[in-house]
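Hey, can you work out the whole structure from these sequences and the hints?
So the sequence lines, in the order shown, correspond to chains A and B.
The numbers in the numbering used here rise by one with no breaks, and the one at position 246 of the first sequence is 246.
The numbers in the numbering used here rise by one with no breaks, and the one at position 72 of the second sequence is 72.
A portion of the hints provided could be inaccurate.
[Unchecked claim] Here are the computed lysine-lysine pairs in the DSSO-like style, where the Cα-Cα straight-line distance is at most 30 Å:
| hint | chain 1 | residue 1 | chain 2 | residue 2 |
| --- | --- | --- | --- | --- |
| 1 | A | K454 | A | K477 |
| 2 | B | K309 | A | K477 |
| 3 | B | K309 | A | K454 |
| 4 | A | K410 | B | K228 |
| 5 | A | K410 | A | K454 |
| 6 | A | K477 | B | K228 |
| 7 | B | K258 | A | K245 |
| 8 | B | K309 | A | K462 |
| 9 | B | K228 | A | K454 |
| 10 | B | K228 | A | K462 |
| 11 | A | K457 | B | K309 |
| 12 | A | K477 | A | K462 |
| 13 | B | K228 | A | K457 |
Because the hints were derived from the structure by calculation, they are not lab data.
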Amino acid sequence: MTDNLVTGTRKSLDVVSAAPQADNLIKKFLREPAAVISLVFLALLVVVAVLAPLITSYDPTATRLADVLAPPFTPEHPLGADGVGRDVLANLVYGAQTSLLSAAIVIAVSLLIGVPTGLLAGYRQGWIDGVSMWISGALLSLPAIVVLLVVLARVGRSTSLALVVFGILIAPSVFLLIRGSVRAVREELYVDAARVSGLSDIRIMVRHILPVVITPTIIQAALLAGAGIGIEAGIAFLGLGSSDKASWGLMLNDASQNIFNAPWLLLWPSVALVLTVMACTLVGNGFRDALANYGSAAGRVKTRKAAKEAVSTPQPARPMTKASAEPEDALLVINDLRVSYPRPNGEKSDVVKGISLRVERGQILGLVGESGSGKSQTAFSVLGLLPGQAEMTAGTLSFAGADLLGMTPKERNRLRGARIGYIPQEPMSNLDPAFRIGSQLTEPMQHHLGISAKAAKAEALKLLARVGIPDPERVFKSYPHQVSGGMAQRVLIAGAVSCNPELLIADEPTTALDVTVQADVLDLIRSLQAERGMGVVLVTHNFGVVADLCDQVAVMRNGEIVEVAAVTDLFTNPQEEYTRLLLDSALDSTSKTTTAPSAGSDMTTETEGAR
Amino acid sequence: MLMFILRRLASGLVLMFVISTATFFLLNLTGQDPVRQVLGPVASVEQVEAKRQQLGLDEPLISQYFQWLGSAVRGDLGRSWFTNQPVGELLSQTLPPTLSMVIGSLILAAAFGTLIGVTAALRRGRLDRGLQVASTLVQAIPGFLVALVLALVFAVQLRLLPATGFTAFTESPAKWLASITLPVIALALGSLASIALQVRGSMIDVMQQDFVRTLRSRGLPERSVVVKHALRSAAGPSLTTVSLMFIVAISSSVIIEKVFNIPGIGTQANNSAGRGDLPVVLGIVLVTVVLVVVVNLLVDLAQGWINPKVRVS
Chain A
1 MTDNLVTGTR KSLDVVSAAP QADNLIKKFL REPAAVISLV FLALLVVVAV LAPLITSYDP
61 TATRLADVLA PPFTPEHPLG ADGVGRDVLA NLVYGAQTSL LSAAIVIAVS LLIGVPTGLL
121 AGYRQGWIDG VSMWISGALL SLPAIVVLLV VLARVGRSTS LALVVFGILI APSVFLLIRG
181 SVRAVREELY VDAARVSGLS DIRIMVRHIL PVVITPTIIQ AALLAGAGIG IEAGIAFLGL
241 GSSDKASWGL MLNDASQNIF NAPWLLLWPS VALVLTVMAC TLVGNGFRDA LANYGSAAGR
301 VKTRKAAKEA VSTPQPARPM TKASAEPEDA LLVINDLRVS YPRPNGEKSD VVKGISLRVE
361 RGQILGLVGE SGSGKSQTAF SVLGLLPGQA EMTAGTLSFA GADLLGMTPK ERNRLRGARI
421 GYIPQEPMSN LDPAFRIGSQ LTEPMQHHLG ISAKAAKAEA LKLLARVGIP DPERVFKSYP
481 HQVSGGMAQR VLIAGAVSCN PELLIADEPT TALDVTVQAD VLDLIRSLQA ERGMGVVLVT
541 HNFGVVADLC DQVAVMRNGE IVEVAAVTDL FTNPQEEYTR LLLDSALDST SKTTTAPSAG
601 SDMTTETEGA R
Chain B
1 MLMFILRRLA SGLVLMFVIS TATFFLLNLT GQDPVRQVLG PVASVEQVEA KRQQLGLDEP
61 LISQYFQWLG SAVRGDLGRS WFTNQPVGEL LSQTLPPTLS MVIGSLILAA AFGTLIGVTA
121 ALRRGRLDRG LQVASTLVQA IPGFLVALVL ALVFAVQLRL LPATGFTAFT ESPAKWLASI
181 TLPVIALALG SLASIALQVR GSMIDVMQQD FVRTLRSRGL PERSVVVKHA LRSAAGPSLT
241 TVSLMFIVAI SSSVIIEKVF NIPGIGTQAN NSAGRGDLPV VLGIVLVTVV LVVVVNLLVD
301 LAQGWINPKV RVS
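If you want it as structure tokens, here you go:
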């Protein structure tokens, strides 16, 4: 019970930042059938509880010896009578009263404690935060029922006291939720602005912070209701609840004592309890899902050959300079590559729109364009590492004469790392934080080259020295967070070339690095390429990098290739207006980012979201 | 790392002190005379006074407290007011059944929860939706209800397993297994659902991270990417869930023990709290907090193993 609440807190927190308008939220909630049915069920339960005296004429606690274990479906006892002759229907109906009341008590107590303390701790931080976090941790580490036993031991049977204590024990779940929300909102600009304009802390909390935490609190309240109802049943089942109140837990207690001679007694209280607790959970989940508003992520990468006609469609870009060469000679041939992602509304958004490229052995091809132009998506298509929801088609996609489209995932996996290397953009996020750098280098080598761990280690140390790491032994033993970004990128380059690939795909390999390190890393890539004769696809938005390294350049925009040319031709004599614009802005600006006019700004966010 | 462990241990000691103190004064808060409860209504006033002196209850509350605390620090938790049995001995008798159940259920829940969570995260689709529905349902069912239904079906109707009682492992491993099977399943089901959901969530997060793509770009077998690398990163948050489940399992075992009539620590707590046997209740509370502190420490250590960053800071 406690567990759901705490994990629930975490989930609810995720959606705090994305709180939409309230009416919009209700609309979305109404689209969740399970949640709506649950809400209706709970409403009916309230009606039943209120109208209890009209539904049954029995006193739920009145015992009659003559009616002990009376069978169900008789006019006198529609659902039978229990082990001491109490009417089952009456207990069921009055039990609903107890359950709903329990939910109310637990919600009230935990909100009363959790909301103010959470607001205070999240807003003030400092020692108040430290102390309240310790107390909340301490309360959460107490087994609830053991505490209830202790409390009830001195006071005697009392359902309401037990629920108040449980409310206190569970209050940390509210506290953590509110505290987290406040901490998230606190740093927002409008709160800063309010602070600068001299509003008092309390007014800032009430006006700016409270509205943000209301929705997650409602979600939490629904879960708390379920927990309260469950714990009430548990207490009553243990025989610790008030003896003068009907309770589903008490009914289950009686049923368990008569489990041998009247097992049917289990049915009704079980059904009532499970349905009610589940309804609470589903209402909470419904709100959460309405808030989260996630698009459905489905399916695997769909790879298939495009229809014949697609191949012969006239290319939007200029023909390739070396298009006449035999396909077998080329290292990489891409024809009419298309990549699209499903949008939440069911439509598809195309991020690569039928491009064709060619990389010769030992050649460096620069793939240039602003972010969102589809260049990284092209790179991942070659690697076969597009995200699951991406849909890819191509007329031709062949590597060293082998058809990549016809390969099984296993066959493509055998190429990766061994014959096609990959250097990612962001060094720090691309190393597994849990493993030493050494093992991340040796694992692929042992796998692809079939060499021993010892040989792989020797090889890895050689590689680390080759990529310019001054102390290979130390770095080999280090974890990723213990080395600098420049070091990490060198490690990733070493990993990419460790099995002597024929093709290297480098996705903006210097973007995330310090300017001082960038030149070194580019030098390294160039010298490795020359030494090993690799073909390279270099994805970048930096024309300086292109001029420095590339033989051939393809300029991309909005998923299409605008221009392909030899690097000297492109710089001296750009054919397309867009290329000229890009070149001009690259020369104008001192920063690395291109400031070219963006025709597809929505495409940018689209691709970012897809990655 | 050593500092980290020491800090956690210190925090655990403070917690034990605070909780046992609170319990001590809470149990002495209300006016009922414990001696009268021990001896019953027919005992004479002289008998009551003699007993009071014998139990040390004639002294002021605060000195009673320090006496208890002093012996507790030395490992002596006193004797039951009712049976005169040493509390330590009582605990050593009642802990094995409870720990068998709790640990057994956690192993079961962690193993199957991980398996189901990982599968759902990788496959998505129908299996994933099925998991979400099933776990909502399972989490809505109180453990004791599961226990009752299991008892009804497997013990009462099918007569496959014993409905009540506990056999010590040292006595007969087979009977021990039979006696804890149903309680363990009843305890495990809710935790299993929670763990599966947590593992699923973290696995989906981890599988989308850059380093997983880079591992794939190195052509590692899918099994290594998923099991060796991704699962290890996903294990951190899941372990926290397991430690929460431990506390929940201790709590639920009080009720589950009642259903299956198992002479564990929960049954003892229920009985002793009911008749106001203060030394026993204090001992039980203390041992529960110790268990929680130990489990949290173990989980912290495991977190350090999983995430090297934790180890260093």
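Against the structure, the hints come out as follows:
1. Of the supplied pair hints, the one linking K454 (chain A) and K477 (chain A) holds, its CA atoms being roughly 14 Å apart against a limit of 30 Å.
2. Of the supplied pair hints, the one linking K309 (chain B) and K477 (chain A) holds, its CA atoms being roughly 14 Å apart against a limit of 30 Å.
3. Straight-line distance between C-alpha atoms of K309 (chain B) and K454 (chain A) comes to about 27 Å, which keeps the hinted pair within the 30 Å bound.
4. With a CA separation close to 18 Å, the supplied pair K410 (chain A) and K228 (chain B) stays within the 30 Å bound.
5. At roughly 27 Å between alpha-carbon atoms, K410 (chain A) and K454 (chain A) fall within 30 Å of each other, so this suggested pair holds.
6. Proximity of K477 (chain A) to K228 (chain B) is assessed by CA-CA distance (about 18 Å); at most 30 Å being required, the pair is judged to hold.
7. Between the alpha carbons of K258 (chain B) and K245 (chain A) the distance comes to roughly 21 Å, so the proposed pair stays at or under 30 Å and holds.
8. Annotation: proposed proximity of K309 (chain B) to K462 (chain A) holds, straight-line Cα distance about 27 Å (limit 30 Å).
9. Taking the CA atoms of K228 (chain B) and K454 (chain A), the gap is about 20 Å. The hint holds against a cut of 30 Å.
10. Distance restraint check for K228 (chain B) and K462 (chain A): the Cα-Cα separation of roughly 26 Å lies within the 30 Å cut-off, and the hinted pair is therefore satisfied.
11. Restraint check for K457 (chain A) and K309 (chain B): satisfied, since their Cα atoms lie roughly 24 Å apart, inside the 30 Å limit.
12. At roughly 14 Å between alpha-carbon atoms, K477 (chain A) and K462 (chain A) fall within 30 Å of each other, so this suggested pair holds.
13. Of the supplied pair hints, the one linking K228 (chain B) and K457 (chain A) holds, its CA atoms being roughly 19 Å apart against a limit of 30 Å.
Checked against the numbered hints above, the structure violates none of them.
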